[in-house]
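Peer 1: Sequences and hints are given; from them, build the entire structure.
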Amino acid sequence: MKRQMSFAEAESAGKKRVTKRQRFLAEMEKVVPWQRLLSKPLLAL
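In terms of our numbering, the sequence shown has 21 at position 14, counting the first letter as 1, and numbering is strictly consecutive.
Source of the hints: derived by calculation from the structure; they are not laboratory data. Hints may contain errors.
Stated by the list, open to error - Computed cross-link-like contacts, DSS-like style, restricted to lysine-lysine with a CA-CA straight-line distance of at most 25 Å:
1) K27 <-> K37
2) K37 <-> K47
3) K22 <-> K9
What the hints assert, rightly or not - Cβ pair distances, simulated, as ranges:
4) K47 <-> A17: 29 to 35 Å
5) P48 <-> G21: 42 to 48 Å
6) E18 <-> Q42: 34 to 40 Å
7) M8 <-> P40: 30 to 36 Å
8) Q42 <-> K22: 44 to 50 Å
9) M12 <-> L50: 36 to 42 Å
10) E36 <-> E16: 28 to 34 Å
11) S19 <-> P48: 45 to 51 Å
12) L50 <-> S13: 56 to 62 Å
13) G21 <-> Q42: 29 to 35 Å
Note that beta-carbon positions come from the ideal geometry of N, C-alpha and C, so glycine has one too.
Peer 2: This is the structure:
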């Protein structure tokens, strides 16, 4: 028989843990002007 879910379990069931990688990418998205960098043509070395 399946037991009833507790309030804490129900609250955390819909939330995902934020990984270090996700936090890093979110911070980089704020800091680096990606749209401006990607809109410029690439320079040949």
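Peer 1: For each hint given before, does the structure comply? Return the numbers of the non-compliant ones in rising order.
Peer 2: Going through the list in order, the structure violates hints 4, 7, 8 and 9 and respects the others.
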